[in-house]
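Sequences listed follow chains X and R, in order. Heads up, the first sequence is in our numbering, so the first residue is -3 and it goes up one at a time. Heads up, the second sequence is in our numbering, so the first residue is 2 and it goes up one at a time.
Everything labelled a hint here was simulated from the structure, so no lab data went into it. Just so we're clear, the structure is a prediction, and the values are computed from it rather than from any experiment. Ideal Cβ positions, reconstructed from N, Cα and C, are used throughout, including at glycine. One should not assume that every hint holds.
What the hints assert, rightly or not - Cβ pair distances, simulated, as ranges:
1. X/Ser362 <-> R/Pro56: 40 to 50 angstroms
2. R/Asp145 <-> X/Leu361: 49 to 59 angstroms
3. X/Ser362 <-> R/His71: 53 to 63 angstroms
4. X/Lys292 <-> R/Glu86: 13 to 23 angstroms
5. X/Val192 <-> R/Gly39: 54 to 64 angstroms
6. R/Gly39 <-> X/Glu291: 38 to 48 angstroms
7. R/Met136 <-> X/Val338: 36 to 46 angstroms
8. R/His71 <-> X/Asn281: 36 to 46 angstroms
9. X/Val192 <-> R/Val89: 38 to 48 angstroms
10. R/Asp145 <-> X/Asp350: 53 to 63 angstroms
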Amino acid sequence: MKLLTKTTLYIATLSLFLFFIMGIVFFQFLKNMSLSELDRELTGIKEVVDEIFPHFLGGQLYGLPGVDSISIQPAWPGIEPGDRFGDTLMFDTKSNQFRTFRYLQFQSEHGGDLYVVKLFKSTMPADKLVERVTLMMTMMVILFLAGIFFLNKFIFANLWKDFFDALEKLKQFDTVKEPVKLGEPDIEEFMDLKKVLERMTFRLSSDYKELREYTDHTTHELQTPLAVIRTKTELLMQSKNLGLNEMQLIQSINSSADHLSRLNNTLALITRIENRQFTGRKEINLGNLLDDHLEKLHELVVIRGIQVDRIYTEKDLTFIMDQGLADVLITNLLKNAIVHNVDGGGILIEIDTDRFVICNEGAPLSFNEHELFKRFSRDIRKTGNFGLGLSLVKKICDYYGFKISYEYQQQQHRFTVVLP
Amino acid sequence: MQILIVEDEASLMESMVSYLEMEGFRCEQAADYHTAIGSMDKHDYICLLIDLNLPDGEGLDLVKIARQNHDRSGIIIISARNTIEQRVRGLEVGADDYLVKPFHLSELVARVHSVARRTRMQGEEILTFGMIRVMPEARTCFVDDGKVDLTRKEHDLLLYLMANRNRVVTKESIADYLWGEYGGGYGSYDFVYTHMKNLRRKLVDAGCPDYIKNMYGVGYKFSQE
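With the hints as extra help, turn the sequences into a complete structure.
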């Protein structure tokens, strides 16, 4: 949820809750006020009634100003003495419907007889007032909420602007690129944030750069001594008076140096991919690329008696990438399919509208499937490889957003690469 | 048969010189760009071996200068930089071959031979070794007067062995020479073995003595001994 939405939601919930409570209290208060006002008025009229009571009895008076209706009855036995207020529903002939009335009942003595007098007053005007006030209150609440909403929006668009700018720049930050440069915020906290972010990204960038240079230099500098070891052992091997034993020793040094320099080369390549140092962009036809590399690997395929089948459903599937990396990707996948095949086995290559599949026969993996694309995971039964080929393939796929997956079924290793 | 080697790494230079001199080449050494320019002015070489990274200049410029002066020497770039673009660029400015460091000396020798052959170009050259005669350009091979049918790789392998005659060559160097970037790693040594077996069989079947000595755990040696 966005910061703005969440803040607005909190404020809205709290204010609705407060307004609701306040509304109830206020409503009750108003209602009570209006009722006690009615009761006060009725009490005032009661005094007048006492004075003019004989006129009522004589039938000269039917109503009184200030009350809507009046009733006089002779007192009945058992009636409680004293004044009583109450509410009642009565049919109102003016509006032709039942309405609530407030009444005051009291007893009055005249000429030795006791009478019960009831004064009625409609509560409608008071109710109307309460209604109006409530309506106005509600309107105010809505206006208030709308105000809060727009205020929040304004705050986010203005006060938080620097924050969101910084966020946007951080999103685009890449260790390979320059450190983030932010604007000059006039809010202290954002100023601090800016300083921290700039320092951090600067640190990240420079660390990364250093690491990259370090790896670059190391791999480069290692090559020369390795080359020296290799050439010197090769020279040594040509000495006239060496026995086979000594030669084998020299050869194993030579071979190890050879191994080491291949390893070094591959690691350097992986590092360069991780550092995004490949920027070449070329439209590459996958079918042609696969055919080219199969052609180059033809002999290896023939020697092992491997049958290669190609099903190119989509003949013109292309993607845009660095030519060198495309070669590395395809070479490694194909080499993998040949090396881990069985003699006389088969390789199936399929190209579909958005993917290509390289499938080869072979024994199941001797290690966990999840380790397949990791560095240095390899089949321990075979010596001489580093287990870097597929890790390289994965790195290249990640670099270009290709999805590579592996499955093993019916004695077939199946690598699927889905293009984005 | 003079070669100019431009390389700033003394130890590597020394190895290359020793190995090439064993092959009968005469080697001139230049440790930097300016020495190289001077040497190129004074002499003609059948082959220039040029390192790209020089302390006082770019090896690539040496290649350009040589080609601008219509120098017909074979040029082999030796470099630690191994990307397609750099290879392409090296070949575009006029180099004949591109060898990535670290390389096998035996591979260097084979390539020097091959480049030198191409630059001399005095008709079809015939290489002989014992009973074997090879015409590299026509890709044909004779034992006595009988033609031996070799595959492309077997032919390359034979040339490689002949270039490194009487020397021990390792199977790694053969794999690298035959398959380049596709060589190396496990598996390809089996292929070396297979090719070697086939080549040996074809030669012996044609009536040639077995010149290919298998040196167990080391490699092979092509000799008449």
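Tested hints:
1. For X/Ser362 and R/Pro56, the Cβ-Cβ distance of about 49 angstroms falls inside the hinted range of 40 to 50 angstroms, so the restraint holds.
2. Between R/Asp145 and X/Leu361 the C-beta distance comes to about 52 angstroms, which sits within the given range of 49 to 59 angstroms.
3. In this structure the supplied range 53 to 63 angstroms holds for X/Ser362 paired with R/His71, their Cβ-Cβ distance being about 59 angstroms.
4. Remark: the range hint 13 to 23 angstroms for X/Lys292 to R/Glu86 is upheld by a beta-carbon distance near 19 angstroms.
5. Taking 54 to 64 angstroms as the suggested C-beta distance range, the pair X/Val192 and R/Gly39 conforms, at roughly 58 angstroms.
6. A hinted range of 38 to 48 angstroms for the beta carbons of R/Gly39 and X/Glu291 is consistent with their spacing of about 45 angstroms.
7. Look at R/Met136 against X/Val338: about 40 angstroms separates their beta carbons, and that is inside 36 to 46 angstroms.
8. In this structure, R/His71 and X/Asn281 meet the distance hint of 36 to 46 angstroms, their C-beta atoms being roughly 39 angstroms apart.
9. X/Val192 and R/Val89 have their C-beta atoms about 46 angstroms apart, which keeps the hinted 38 to 48 angstroms range intact.
10. In this structure, R/Asp145 and X/Asp350 meet the distance hint of 53 to 63 angstroms, their C-beta atoms being roughly 60 angstroms apart.
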